[in-house]
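Enquirer: Given next are the chains, with one letter for each unit.
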Amino acid sequence: MATEDFKIEIKDLTLIFGKNKSNALKMLEAGKSKAEILEKTKCTVGVNKASFQIKKGEVFVIMGLSGSGKSTLIRCLNRLIEPTAGDVIVNNINITKESNERLLDTRRTEMSMVFQKFGLLPHRTVLENAAFGLEIRGEAKNERLQKAQEALDNVGLQGFEHQKPSQLSGGMQQRVGLARALANNPEVLLMDEAFSALDPLIKSDMQDELLDLQGKLHKTIVFITHDLDEAIKLGDRVAIMKDGIIEQIGTAEDILRNPASKYVEAFVEKVDRKSIITAGTLMFSKPTVVQLEKEGPGSVIRKMRGIAADALPVIDKHRTFMGFIWLPRVLEAEKLNKSTIEDFITTECPSVYEEYTVEEMLPLITGTKSPIAVVNKENGKLLGVVSQTSLIIEATRFNKSEIIELKEQAKEQ
Amino acid sequence: MRKVIDIGKYIENGVNWLTDNFDGLFNFIKVVGNGAIEGFEWLLLSIPFYIIIVIFTIIAYFKVGRGVALFTALGMILIYLLGFWVETIETLALIFVSTLIALVQAIPLGIWAAKKPSANKVIRPILDLMQTMPAFVYLIPAVLFFSIGKLPGAFATVIFAMPPAVRLTTLGIQQVPQDVVEAARAFGATNRQILAKVELPLATKTILAGVNQTIMMALSMVVIAGMIAAGGLGEKVLEGINNLDIGLGFESGFAVVILAIILDRITQALGQKGNNERIDKLKKIFRKK
Ligand SMILES: Nc1ncnc2c1ncn2[C@@H]1O[C@H](COP(=O)(O)OP(=O)(O)OP(=O)(O)O)[C@@H](O)[C@H]1O
Ligand SMILES: [Mg+2]
Chain G
1 MATEDFKIEI
11 KDLTLIFGKN
21 KSNALKMLEA
31 GKSKAEILEK
41 TKCTVGVNKA
51 SFQIKKGEVF
61 VIMGLSGSGK
71 STLIRCLNRL
81 IEPTAGDVIV
91 NNINITKESN
101 ERLLDTRRTE
111 MSMVFQKFGL
121 LPHRTVLENA
131 AFGLEIRGEA
141 KNERLQKAQE
151 ALDNVGLQGF
161 EHQKPSQLSG
171 GMQQRVGLAR
181 ALANNPEVLL
191 MDEAFSALDP
201 LIKSDMQDEL
211 LDLQGKLHKT
221 IVFITHDLDE
231 AIKLGDRVAI
241 MKDGIIEQIG
251 TAEDILRNPA
261 SKYVEAFVEK
271 VDRKSIITAG
281 TLMFSKPTVV
291 QLEKEGPGSV
301 IRKMRGIAAD
311 ALPVIDKHRT
321 FMGFIWLPRV
331 LEAEKLNKST
341 IEDFITTECP
351 SVYEEYTVEE
361 MLPLITGTKS
371 PIAVVNKENG
381 KLLGVVSQTS
391 LIIEATRFNK
401 SEIIELKEQA
411 KEQ
Chain X
414 MRKVIDIGKY
424 IENGVNWLTD
434 NFDGLFNFIK
444 VVGNGAIEGF
454 EWLLLSIPFY
464 IIIVIFTIIA
474 YFKVGRGVAL
484 FTALGMILIY
494 LLGFWVETIE
504 TLALIFVSTL
514 IALVQAIPLG
524 IWAAKKPSAN
534 KVIRPILDLM
544 QTMPAFVYLI
554 PAVLFFSIGK
564 LPGAFATVIF
574 AMPPAVRLTT
584 LGIQQVPQDV
594 VEAARAFGAT
604 NRQILAKVEL
614 PLATKTILAG
624 VNQTIMMALS
634 MVVIAGMIAA
644 GGLGEKVLEG
654 INNLDIGLGF
664 ESGFAVVILA
674 IILDRITQAL
684 GQKGNNERID
694 KLKKIFRKK
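For the protein sequence lines, the chains are G and X, in the order given.
Residue numbers for the first sequence follow my numbering, so the first one is 1 and each next one is one higher.
Residue numbers for the second sequence follow my numbering, so the first one is 414 and each next one is one higher.
The set of hints was computed from the structure by calculation and includes no laboratory data.
Errors might be hidden in some of the hints.
To be verified - Dumping the calculated BS3-like pairs for lysine-lysine here, alpha-carbon to alpha-carbon at most 25 angstroms: (1) G:K117 - X:K528; (2) G:K141 - X:K610; (3) G:K19 - X:K528; (4) G:K19 - X:K610; (5) G:K164 - X:K694; (6) X:K529 - G:K21; (7) G:K21 - X:K610.
What the hints assert, rightly or not - Here are a few chain G residues that sit away from chain X, every Cβ distance over 10 angstroms (derived from the structure): (8) G31; (9) E36; (10) N78; (11) D87; (12) N92; (13) T96; (14) T106; (15) R107; (16) L120; (17) K141; (18) T251; (19) R257; (20) E293; (21) R319; (22) C349; (23) T368.
Being a predicted model, the structure only gives us computed values, none of them experimental.
For glycine and all other residues, C-beta sits at the position ideal for the given N, C-alpha and C.
Here chain G stands alone, though its shape is the one from the complex (with noise of 0.2 angstroms):
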C-alpha cells in the first residue's frame, strides 16, 4: 500500500520515562527487557519501538493490560509526551519534527482527544466546555457557539446546553466530551479508555452511538481500551501491546483464531467468542446444494443418499437461495410423480448474512432442525451452509448451560 492511504504511521516510536533516558535506550537496542532497565537505570519504558499505520477512515484499537504503555503511545500521536526517538507521521507530516506552533496548529485542527476522565471544565457550562477547542483556536463567540451546539445535537445533548457538567451522569459527561472533540471537526479523534468509566450498559450505548457517529463522520479513531469486547465491537483492526510492545495488530477475528503469543492467548481466552465468530468463518462454503430448475425428486433423493443428507439447499438458476428441501417432502414428490420439488421446498428457514454471530445465530436453531443457510447481502445468493453441529460445537467450547438452555427451550416447542 502507498504511504499516501495513511493517516497516521508510526516507526520505531520509542518512550523512556526517567532521567537516564540515553542508556535506557542503549540496553533497549541491545534488546534487554522492561524489567532489567528499570533495575539498571531506573528508567521505565513506556513505548518500546512501536511501528504501525492507521488508514484514513479505520476504527484502530490499541488495548493490553493495565501499565502496558497505551496512555503513553496515544499522547506520543499529538505529543503531549514528547517521544524519545521515532516518527509519528500523519498525513506525511512527521509530527515528531514540527515546531511549536505547528504542533499547536495539528492539535486544534487536525486530533482532538477524548479522555476517560473527562478533562471537563467544572466552572462553565457544558455548552461552552464543547466550544473549547474552537475558543482555543479563537473563533468569534457566536460561530463557535453554533458549532458546539450542534456537536452537542450530535451527541444527543440537547436540552442540556446550560447545565455545568456536574450536574450531569458519567454517561452524559463524556458525550460532553465526545462534542468537544467533533466541534472541532478534526480528522483524528484520540480516545483513550472513553468509556472505561462508565457503567455496563451506558457503555454499551456509547459504542453503539460512536458506531453511528462513525458511519455519518468517517473519522480516523484511535481508540485505547483494556476491554476486548469492546476492541472486537469498535475497532476495524486491534493492535495489543505488552510491556511497551506492540504484540500483534490484525482484525479481531485475526487475532483470535490466531494469537501471536501466549500473552495475545490469555487475553483472547477470556473474551467471549460467541460475539465474535461469524457465520462467515463457519459455515461450510461448498455444500451440496440443489439446483431446482434442473433437478427434479429423482436427482435430489440420489444426492441425498450418497451424502447421507436428510435436507439439502436449493438455488435457482441465479444461485440464489429458495429454501431447504427435506427428504419426507422429496418422497412425497417423487411420489406423486412431480418433475419439480418446487412445491415441496420449506422457505420459512433461518438464514443470516456472512457478517452474523454465533451469539446471534443461536436463536435460530431453536424449534427447528434446519441447517442455517449464509447468503449475501446484496444478492440473495448462497455462499454456505452453517450446520447446527457445528453451531453448537462453536458455542458449547465456550458455554455449556446456554446450550442446555436452548435445547430445552427447543424440546418445549
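On the provided structure of chain G, position chain X with the ligands as indicated by the hints.
Expert: Then chain X with the ligands, alone, in the frame of chain G:
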C-alpha cells in the same frame, strides 16, 4: 550569655547600605505611597458615613446573608457613635492599599512557585520566615527605610500579610486536576491560555481564601503599625495602652473586632459558591427591566 555570631550586625549593615545608596528611591516610594493611601482615605471620608454603611450592608446582605448584614449595619453605627469613624476609615484605607500591593506581588509569585518546583523551593522557606517572624520586627526596617507614618506602616503590613496569598495561590494552582489541564493542552491551548482559562478559574476559590487571610493579617498588622504613627484605630489602641485608659483601649479594641468580623465574613463569602443566589435573583430582576 556571650554573643558568638552577630547576624544582627550584618543585617544592620545591609539596611544601612540600602538607606545610604537608595535614599532617593525610598523617598520617591514614600511620597507616591503616602499619596495613594491618603488619596484613598480622602475619597472614603468625602462620602457621608451613612452611605458607606449602607454600601457595606448591601454587600453583606447579597454576598453573605441577613445576619451578617444586620451585624454590619449595627456594628458600623456603633463605631460611628463611639467616635471612631475617621480612624476606622484610615485603617480601612491602609488595609485596602496594603492588601492590594501584597496581592499584586503574591499572586504572580504564587503562580510561579506552582509552575516551577525550583522556584517553590526557594520561595517556601522565605515565606515561612516572613510568617513566623514576630510582626513587630518588620517595623524596624520600615522605619529605617521610610521613617514613621502611613507608608512604612503599609510596608510592614505588606510583608507580614503576603505569605498566605502566595501559599494559597500556589496550592490552588497545584490542585487543579491534571486531566483538565491535559485536556486543554490536547486542544492546543498555550500555557497562557491554560493559565487564564483553566488554572486560574479553577483555583479562584483557594486564591480568594488566601485573599481573605491576607486581609485579616493586614488588619492585625495595621493595628500594630499604629506604633509607628500609621494612624487609624491602632493609634487609638496604643493611646489607651500608654495612658492606661481602659475605656479607650476597649472601645477602640471593639472597633477593630467589629471591622475584622465584617471584613472576614464578606471576603470569606467571595470565594464560596451558593451565596450567589441572591445576586442571581437581582441580576434577573435587572434583566427584566
Ligand atoms: N509520568 C510517568 N513517569 C514515569 N513512568 C510513567 C509515567 N507515566 C507512565 N509511566 C509508566 O509507563 C508505563 C506505561 O504507562 P501507561 O499509562 O501508558 O499505561 P496504560 O497502558 O495506559 O495503562 P492503564 O490501562 O492503567 O491506563 C507504566 O509502566 C507506567 O508506570
Ligand atoms: Mg492509560
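Enquirer: Does each hint fit the structure? Answer for all of them.
Expert: Each hint tested on the structure:
For a cut-off of 25 angstroms, the pair hint linking K117 of chain G to K528 of chain X stands: about 23 angstroms separates their Cα positions. For the suggested pair K141 of chain G and K610 of chain X, the alpha carbons sit about 15 angstroms apart, so the restraint of at most 25 angstroms is met. A distance of roughly 20 angstroms separates the Cα atoms of K19 of chain G and K528 of chain X; the hinted pair therefore holds under the 25 angstroms criterion. For the suggested pair K19 of chain G and K610 of chain X, the alpha carbons sit about 32 angstroms apart, so the restraint of at most 25 angstroms is broken.
Using a Cα cut-off of 25 angstroms, the hinted pair K164 of chain G and K694 of chain X holds, with the two alpha carbons roughly 19 angstroms apart. In summary, the hint linking K529 of chain X to K21 of chain G is supported, as the alpha carbons are separated by about 22 angstroms, within the 25 angstroms threshold. Distance hint between K21 of chain G and K610 of chain X is unfulfilled; the C-alpha atoms sit about 34 angstroms from each other, more than 25 angstroms. For G31 of chain G, the requirement that its beta carbon stay farther than 10 angstroms from each beta carbon of chain X is met, with the minimum near 33 angstroms.
Residue placement check: E36 of chain G keeps its beta carbon more than 10 angstroms from all beta carbons of chain X (closest about 30 angstroms). Distance to chain X contradicts N78 of chain G as a non-interface residue, since its nearest Cβ pair spans about 6 angstroms, not more than 10 angstroms. Look at D87 of chain G: its CB is around 20 angstroms from the nearest CB on chain X, clear of 10 angstroms, so calling it non-interface holds up. Look at N92 of chain G: its CB is around 20 angstroms from the nearest CB on chain X, clear of 10 angstroms, so calling it non-interface holds up.
Listed as outside the interface, T96 of chain G is consistent with that label: its C-beta sits roughly 17 angstroms from the nearest C-beta of chain X, beyond the 10 angstroms cut-off. Annotated as non-interface, T106 of chain G brings its C-beta within 10 angstroms of a C-beta of chain X; the closest such distance is 8 angstroms. Distance check for R107 of chain G against chain X: the nearest CB is about 4 angstroms away, which does not clear 10 angstroms, and the non-interface claim fails. Separation of L120 of chain G from chain X is inadequate, the least Cβ-Cβ distance of about 7 angstroms not exceeding the 10 angstroms criterion.
The Cβ of K141 of chain G lies farther than 10 angstroms from every Cβ of chain X, with a closest approach of about 14 angstroms, so its non-interface assignment holds. Every C-beta of chain X lies more than 10 angstroms from that of T251 of chain G, the closest at about 29 angstroms, which supports listing it as non-interface. A cut-off of 10 angstroms between C-beta atoms confirms that R257 of chain G is not in contact with chain X; the least separation is 36 angstroms. No Cβ of chain X comes within 10 angstroms of the Cβ of E293 of chain G; the nearest lies about 63 angstroms off, and the non-interface call holds.
Consistency note on R319 of chain G: stated as away from chain X, and its beta-carbon is indeed over 10 angstroms from all of that chain's, at 52 angstroms minimum. The beta carbon of C349 of chain G sits about 53 angstroms from the closest Cβ of chain X, which is more than 10 angstroms, so the claim that it is off the interface holds. No beta-carbon of chain X is positioned within 10 angstroms of the beta-carbon of T368 of chain G; the least distance is around 53 angstroms.
When the structure is compared with the earlier hints, violations turn up for hints 4, 7, 10, 14, 15 and 16 and for no others.
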